[in-house]
Amino acid sequence: MKFDWNYALDILPQLLDGLLTALIATVVGYAVALVLGLVFALARRSHQKWVSVPVGFVVEFIRGTPLLIQLFFLFFVLPQLGLALSPLAAGIVGLGLHYATYTSEVYRAGIEGVPPGQWDAAIALHLPRRRVWTSVILPQAVPRSIPALTNYSIALFKDVPQLVAITVAEPFTVGRGIIAETFRPFEPITMAGLLYLAVALVLSYIGRIVERRYKGMATA
Amino acid sequence: MSFIDFTDVSKRFGDNVVLDDMSFNVANGERVTLIGPSGSGKTTILRMLMTLTKPDSGTIAIDDEYLWHERRGDDLVPASEAHTRKVRSRVTMVFQQFNLFPNMKVLRNVTEAPIHVLGKQKDEADERARELLEMVGLQDKADFYPSQLSGGQQQRVAIARALAVEPDILLLDEVTSALDPEIAAEVLDVLRDVAKTSDVTMLLVTHAMRFARDVSNRVLMFNEGKIIEDAAPEQMFNEPQHERTKAFLKSVLEEV
Numbered sequence: 112m113k114f115d116w117n118y119a120l121d122i123l124p125q126l127l128d129g130l131l132t133a134l135i136a137t138v139v140g141y142a143v144a145l146v147l148g149l150v151f152a153l154a155r156r157s158h159q160k161w162v163s164v165p166v167g168f169v170v171e172f173i174r175g176t177p178l179l180i181q182l183f184f185l186f187f188v189l190p191q192l193g194l195a196l197s198p199l200a201a202g203i204v205g206l207g208l209h210y211a212t213y214t215s216e217v218y219r220a221g222i223e224g225v226p227p228g229q230w231d232a233a234i235a236l237h238l239p240r241r242r243v244w245t246s247v248i249l250p251q252a253v254p255r256s257i258p259a260l261t262n263y264s265i266a267l268f269k270d271v272p273q274l275v276a277i278t279v280a281e282p283f284t285v286g287r288g289i290i291a292e293t294f295r296p297f298e299p300i301t302m303a304g305l306l307y308l309a310v311a312l313v314l315s316y317i318g319r320i321v322e323r324r325y326k327g328m329a330t331a
Numbered sequence: 005m006s007f008i009d010f011t012d013v014s015k016r017f018g019d020n021v022v023l024d025d026m027s028f029n030v031a032n033g034e035r036v037t038l039i040g041p042s043g044s045g046k047t048t049i050l051r052m053l054m055t056l057t058k059p060d061s062g063t064i065a066i067d068d069e070y071l072w073h074e075r076r077g078d079d080l081v082p083a084s085e086a087h088t089r090k091v092r093s094r095v096t097m098v099f100q101q102f103n104l105f106p107n108m109k110v111l112r113n114v115t116e117a118p119i120h121v122l123g124k125q126k127d128e129a130d131e132r133a134r135e136l137l138e139m140v141g142l143q144d145k146a147d148f149y150p151s152q153l154s155g156g157q158q159q160r161v162a163i164a165r166a167l168a169v170e171p172d173i174l175l176l177d178e179v180t181s182a183l184d185p186e187i188a189a190e191v192l193d194v195l196r197d198v199a200k201t202s203d204v205t206m207l208l209v210t211h212a213m214r215f216a217r218d219v220s221n222r223v224l225m226f227n228e229g230k231i232i233e234d235a236a237p238e239q240m241f242n243e244p245q246h247e248r249t250k251a252f253l254k255s256v257l258e259e260v
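Which chain is which? The protein sequence lines are E and A, in order.
Residue 246 in our numbering sits at position 135 of the first sequence, and the numbers go up by one each step.
Residue 219 in our numbering sits at position 215 of the second sequence, and the numbers go up by one each step.
Take these hints with a grain of salt, some might be off.
Computed, partial: chain E to chain A, Cβ under 7 angstroms [as the list claims (entries may be wrong)]:
no., residue
1, A154
2, A235
3, I248
4, P250
Stretches of chain A that chain E covers, calculated by requiring three or more beta carbons in the stretch to come under 8 angstroms of a beta carbon on chain E [stated by the list, open to error]:
no., stretch
5, 38-44
6, 83-93
7, 103-110
8, 138-146
9, 213-219
Hints in this document: simulated from the structure, not taken from any laboratory.
The structure presented is a predicted model; accordingly, all values stated were derived computationally and were not measured.
Note that CB positions come from ideal geometry on N, CA and C, so glycine has one too.
Kindly generate the complete structure, drawing on both the sequences and the hints.
Printed below as a string of structure tokens:
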């Protein structure tokens, strides 16, 4: 089998469009995961049992079930309950929710890594609870969490092809569409894979830089 | 009622009885040193007053207000968080490990509470913080991070930070135990100054006996969760009554 460069060049623009969609899903989904993960981590530490227990249950439930099933639920079941999302919106919500349960564990570890003496000092200075979080605990916990959080951006990106199941036009979905017309799978699937690889390599390079920068901080 | 009242306070950690039904009180402005072997409950007393450790039973009151309880009619009920917060707002503590906030520069370590607890304007808080830093000899370190300071310097910042909250009661928990003797001396000098120039009530746990003799007007000897001797420093250090106290002081003084 020979790689047909003309065919490849022909379909490249469609695949790049798909890559753009994949990047949007990654960036927005990751932003959701970063914010929501922190909300989950803080809610699970709440002294109010009616907050911490249900949130803990939801987090464990989402983390314990496959992303693919969650995507199906969001895209095919929710409309029957009266909430219809576009494919991309459902994909972003699914990725964001799913990865928020992972990032919440990263934040939890970061928060628990803050020495107990910091809490003691905050109490000795009578700082209000909210202020303790915003000015003492999180400024120490979040930098510690950044290397692990960065790794989840790569993992999330590599889960984007699962959105094929809910018809989001990312490179893999686009490739399948092309195959349906041309019956020539070699080039589109190879190229979709290479596009994913290229972006994943860039992300892990960024991840390594970030890790190097924050490793020193976490131990300082 | 006196200023600080411990009544029948007990605390155990697992099988280990740290405080055994102990009562004592402290008058306003008194400087009290708590001595005794490690594990005898001294630090637990300070941590309870700061509400970092909760007693299993008994009551603790500051100026007639219970720290862990509230009066409801004739009954004592467990205190709400707001009540405990209010009562403990007169107390602050300096720790063995300094516990400065590493994410803030020295100046902000000192101004954080005045601005966000006492509601001071930033300018006013900054000015007061610089005065306090000057008092502890660190006016030129205001823009450094704690990690750029030596242990002795960090502890002096911690003292300035504690004084910035304008406490009525200052708790000092082995504040020089993590420092070399030479460095410890500079911290103790600062505390002598504080003792001389303010009328803050002080409770201190320390192994620096000469310092204890200089600043305190009363010494409590702890052993196995009880106070076994309560005397003025001259009496305690020169003519201890209890055999256990004699043995303890002998061992501590030999160490130094």
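How the hints compare with the structure:
no., hint, result
1, A154, "violated (19 angstroms)"
2, A235, "holds (4 angstroms)"
3, I248, "violated (10 angstroms)"
4, P250, "holds (4 angstroms)"
5, 38-44, "violated (count 0)"
6, 83-93, "holds (count 3)"
7, 103-110, "holds (count 6)"
8, 138-146, "violated (count 0)"
9, 213-219, "violated (count 0)"
Checked against the numbered hints above, the structure violates hints 1, 3, 5, 8, 9; every other hint is satisfied.
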